[in-house]
Structure formats: C-alpha cells, structure tokens
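My request is simple: use the sequences and hints to build the entire structure.
Line by line, the protein sequences give chains A and B. Residues 7 to 280 (our numbering) make up the first sequence, in order. Residues 7 to 280 (our numbering) make up the second sequence, in order.
Be a bit skeptical, because a hint or two may be false.
Copies of one chain are not kept apart here, so a pair can be met inside one copy or by any two copies together.
Unchecked claim - Below, simulated BS3-like cross-link-like pairs (lysine-lysine); rule was C-alpha separation at most 30 angstroms, straight line:
(1) LYS243 with LYS114
(2) LYS114 with LYS218
(3) LYS114 with LYS262
(4) LYS203 with LYS60
(5) LYS124 with LYS91
(6) LYS124 with LYS243
(7) LYS124 with LYS218
(8) LYS91 with LYS203
For the record, the hints were derived by calculation from the structure and aren't laboratory data.
There are 2 protein chains.
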Amino acid sequence: MRTDNLSINLATVRQQWNLREAVEACARHGIMAVDPWRDQVAAIGLDESVRAIKDAGVRVTGYCRGGMFPAPDAAGRQAALDDNKRAIDEAAALGSECLVLVVGGLPKASRDMAEARKMVADGIAAVLPHARACKMPLAIEPLHPMYAADRACVNTLGQALDLCDLLGEGTGVAIDTYHVWWDPDLAAQIARAGKAKRILGYHICDWLVPTKDMLLDRGMMGDGVIDLPRVRGMIEKAGYTGHTEVEIFSAADWWKRPGDEVLRTCIERFNSVC
Amino acid sequence: MRTDNLSINLATVRQQWNLREAVEACARHGIMAVDPWRDQVAAIGLDESVRAIKDAGVRVTGYCRGGMFPAPDAAGRQAALDDNKRAIDEAAALGSECLVLVVGGLPKASRDMAEARKMVADGIAAVLPHARACKMPLAIEPLHPMYAADRACVNTLGQALDLCDLLGEGTGVAIDTYHVWWDPDLAAQIARAGKAKRILGYHICDWLVPTKDMLLDRGMMGDGVIDLPRVRGMIEKAGYTGHTEVEIFSAADWWKRPGDEVLRTCIERFNSVC
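Right, here's the structure in full:
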C-alpha cells in the first residue's frame with residue numbers, strides 16, 4: 007500500500023507516544039512525513055525534536071500551530087505576536103514546510119466578531135515580515151463554524167482566501183476536510199485556492215454521525231459522512247500535489263488504541279477510502 | 007417591560023408544560039404569540055390545540071416544523087412530501103403565519119451533499135403548490151453547519167435565499183441567530199433577505215462558551231457570545247417588523263427550571279439584551 011504523499015499529524019497519536027516515539031513509529035510504517043504540535047516539541051525540547059526528526063528521516067509537512075491573535079488588550083495581542091514569532095522560529099528549526107495558523111476566536115468578554123477578524127488580519131500582517139524572512143509560509147486554516155467563538159473566527163475557505171488576498175506573499179491555506187466539508191461553496195473555493203497557488207496543506211479525517219464531542223470526536227476516514235474522494239477530486243483538479251495529512255482528535259476511540267494499529271489503519275484507509 | 011412583538015417557540019418550555027398549559031402561561035405573562043411544535047400539537051390533538059390557542063388569544067407566528075426531505079429511496083421521499091402536506095394543513099388549521107422548514111441532512115448511508123441539496127429543492131418545489139393553495143408561507147431555516155449531516159444541508163442564509171430565488175412565491179427564510187451568528191456574510195445576506203421581502207421569522211437565543219451539547223445546550227439571550235443588538239440592527243435595517251421568537255433547547259438548564267421563571271427571564275432579556 008502507498009504511503010508516499012501521506013503525512014501524519016502527530017496529534018493523531020498524541021496519547022500513545024512522545025514526538026521521538028511517534029516519528030520513529032511513522033518511519034517504521036513507511037510514513038515519511040509528519041506534522042508535530044508545539045506542545046509535543048516542548049515536551050522533549052526543540053533540539054531533541056530536531057534530532058528525532060533527522061534521525062527518523064521524515065519530512066515536516068507542517069507545524070501546529072501559530073495563531074490565537076485576538077486578545078482583549080494591546081499587551082495580550084503583543085504577547086500573541088511574540089509567541090507567533092517563536093512558533094515561526096521553531097517551525098524553521100524543524101524544517102517545516104509551513105506553519106499552520108488557528109487564528110483564534112473572540113477575545114475574552116467580547117461579542118464583536120468583526121473586531122476579532124480585524125485582530126486576526128492585523129496579527130498575521132504583523133508577523134508576516136518575520137515569516138517571510140524565515141521563508142516560512144503561513145497556512146491559515148479555516149475552522150468549522152462551531153469553533154467560531156473560541157478557536158477561530160475564520161470559518162470558511164473563502165474567508166481564508168480573502169485574507170490571503172489581503173496579506174499577499176507568504177500566506178496560504180490549510181484545507182481540512184473536517185472543517186470545510188459542509189460548505190456549499192467548497193468546489194469553487196478550492197479551485198480558487200489552487201489557481202492562486204495557495205494550498206499549503208490538505209488535512210483529512212471524517213465527520214461522525216452522531217458527533218459526541220465538539221472537539222475530540224473526529225472520525226477515521228471512512229467511518230463518517232465526508233465524501234473524501236470527491237474532495238480529493240477537487241484538490242487534485244486544483245493542482246495540489248503535496249502531502250495528505252491525517253489529523254484525528256479522538257479521545258474515546260483512536261487515542262485509546264495502540265499507536266501501531268492507528269497508523270496501520272491510517273495507511274489502509276488512505277489507500278482504500280481517500 | 008415590552009412583550010409586544012415577542013413570541014415564544016414552545017420548545018423553550020417543552021419539558022414544563024403541554025401546549026395548552028404553555029399558551030395559557032404565555033398569555034398570563036403578556037406574551038401573545040407562540041410557535042408550537044408538531045409533537046406538542048399531536049400530544050393533545052390538533053382540535054384541542056386550535057381551541058387552546060383561540061382560548062388564550064395568542065397569535066401563531068410559526069409552526070415547527072416541516073422539512074426532512076432527503077431519503078434514500080422514492081418511497082421515503084414521497085412519505086416526506088405527504089408528511090409535509092399534513093404539516094401545512096396543521097399550520098393552516100392553527101392559523102400559523104408560516105411553516106418552518108428544517109430541510110433534512112444526508113439520506114441514510116449517503117455522503118452526497120449535492121444530491122441531498124437537490125432533494126431538498128425538489129421536495130420544497132413538490133409541496134409548494136399545496137402550501138400556496140393553503141396560503142401558508144414556507145420558511146426555510148438555514149441550520150448551523152454542525153447539523154449539515156443529520157438535520158439540514160442548508161447551512162447558510164445565502165444558500166437558503168438562493169433556494170427562495172429558485173422556488174419563488176410562497177417561500178422565505180427563518181433567521182435564527184444560533185445558526186447564523188458566525189457567518190462573515192451575515193449582514194449582506196440579511197439585507198438581501200429584507201430587500202426580497204423574504205424574512206418570515208426571526209429567532210433568538212445565545213451561543214454558550216463552552217457549548218456542552220451540540221443540540222440541547224442553547225443559551226438564554228445575554229448568557230453567550232452572540233452580539234444580539236448588532237443582529238437586530240441588521241434585521242431592522244432590512245425592514246423586518248414581525249415578531250422576535252425565543253427558541254431555546256436547554257436540557258441541562260432552562261428545561262429544568264420552572265416555566266414561569268423561563269418566561270419571565272425571556273421577557274427580561276428580550277428587553278435588556280436583544
């Protein structure tokens with residue numbers, strides 16, 4: 007079974023392994039690309055993470071995550087900028103191909119979505135010169151509207167692409183099927199993203215029915231209702247030839263299974279479903 | 007405090023009262039408009055429901071709900087049409103000002119959203135002549151994208167208005183803040199809805215952070231993050247002068263409180279927050 011062009015977002019096995027164990031396991035299964043999270047890097051240290059990735063010989067197709075720009079005051083927003091610059095530096099040290107941005111939701115005690123969205127645009131604009139200097143593309147990830155309040159006020163691919171149009175060179179999008187599958191405008195927006203060469207990542211998992219937890223009940227590809235071959239068709243038609251990254255948060259199911267079983271299943275479903 | 011132009015969706019007190027008790031309680035609190043659900047009508051019978059509404063002297067600003075058009079086979083789709091015609095007849099008997107449509111999600115075992123959306127358009131078109139003959143406007147309610155799979159594949163106001171444009175006279179939209187508050191295109195689409203005289207209902211509640219249940223954890227106005235005055239501004243600017251309907255599904259909170267406290271709170275928050 008093919009594993010080229012397959013990447014594993016390391017959140018998928020975060021409960022089973024630390025970063026070194028996870029990248030070694032991926033390589034053992036023939037998966038030669040990963041996307042680690044910052045807390046996974048912090049847990050073993052940046053230097054050891056760089057070594058582990060080099061030792062395993064895997065590519066880093068993305069790094070999760072920067073973002074979380076909105077804050078109630080200037081000090082909070084500045085802290086977010088500083089943190090994003092550190093994330094960019096870490097991504098560069100890891101040799102990541104992009105930094106994924108989960109942009110943040112409403113600032114505490116605010117109900118002003120327009121203001122939050124402006125804070126996001128301003129925040130990305132403020133860190134973009136540093137990202138460009140580090141040659142680190144910023145992948146804006148639109149999140150499902152159910153996360154609009156507390157995680158990301160960029161909720162459609164169209165909205166993310168508007169931001170890219172505004173911000174220009176060095177920005178792009180990460181397209182995660184979980185967040186965008188419902189969008190009636192999806193085909194047109196993926197085509198738009200491809201035409202503008204903005205697709206920096208393609209993430210997959212599945213939407214379970216019922217979904218029992220709004221954050222931690224993502225499904226393995228094939229176990230839910232997302233028409234993954236159809237979305238892949240759109241992505242390929244848009245000219246994207248990069249990796250497909252499996253990203254599954256699953257507190258009650260996949261996080262409880264042996265990591266090797268999870269990776270085997272990812273490979274099987276990547277070949278049979280996606 | 008004002009109660010004119012306030013309507014109570016009777017799901018808000020469904021655990022406390024039957025339909026007769028609920029409309030009597032509304033009238034006692036000076037709330038002279040309601041929106042009952044079909045199962046509440048069925049529980050005491052249509053004739054008794056008509057009498058209870060007449061006895062209390064309340065208006066029926068909407069009736070919940072028709073819809074659920076997609077089905078895996080022709081027999082299932084025909085059953086949905088028959089059921090929708092009965093819902094139209096019931097709405098007419100109750101003197102309702104519209105029938106709210108929750109259009110339905112993916113048919114069982116399907117992943118084809120485009121097909122589901124076509125079934126919805128075809129289904130509404132098929133019952134529209136009966137609705138027109140009964141002078142019963144059909145209010146298409148876009149539901150939050152988190153319900154796309156299992157409740158409604160119409161997920162934005164823009165999409166609902168496109169359907170109205172396609173189907174024409176006798177169709178409109180019910181705009182529920184819970185479903186649409188996150189939409190970056192909301193102001194433009196509410197203006198569009200107003201211009202085309204399509205706003206048949208305006209429903210309010212609040213989005214809680216965190217939301218603990220995807221269906222039954224809606225908040226009382228003011229307890230969440232929706233900027234209700236801002237949405238009201240859009241609605242008024244769009245020329246809507248009809249009722250504002252409170253619709254709260256709250257298994258762990260408001261459904262457990264005394265009905266009179268719920269209605270008192272609805273009135274207070276309608277005056278202070280919305």
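How the hints compare with the structure:
no.	hint	in the structure
1	LYS243 with LYS114	between (41 angstroms within a copy, 29 angstroms between copies)
2	LYS114 with LYS218	both (26 angstroms within a copy, 19 angstroms between copies)
3	LYS114 with LYS262	between (33 angstroms within a copy, 28 angstroms between copies)
4	LYS203 with LYS60	within (29 angstroms within a copy, 63 angstroms between copies)
5	LYS124 with LYS91	within (19 angstroms within a copy, 47 angstroms between copies)
6	LYS124 with LYS243	between (32 angstroms within a copy, 24 angstroms between copies)
7	LYS124 with LYS218	between (32 angstroms within a copy, 28 angstroms between copies)
8	LYS91 with LYS203	within (24 angstroms within a copy, 49 angstroms between copies)
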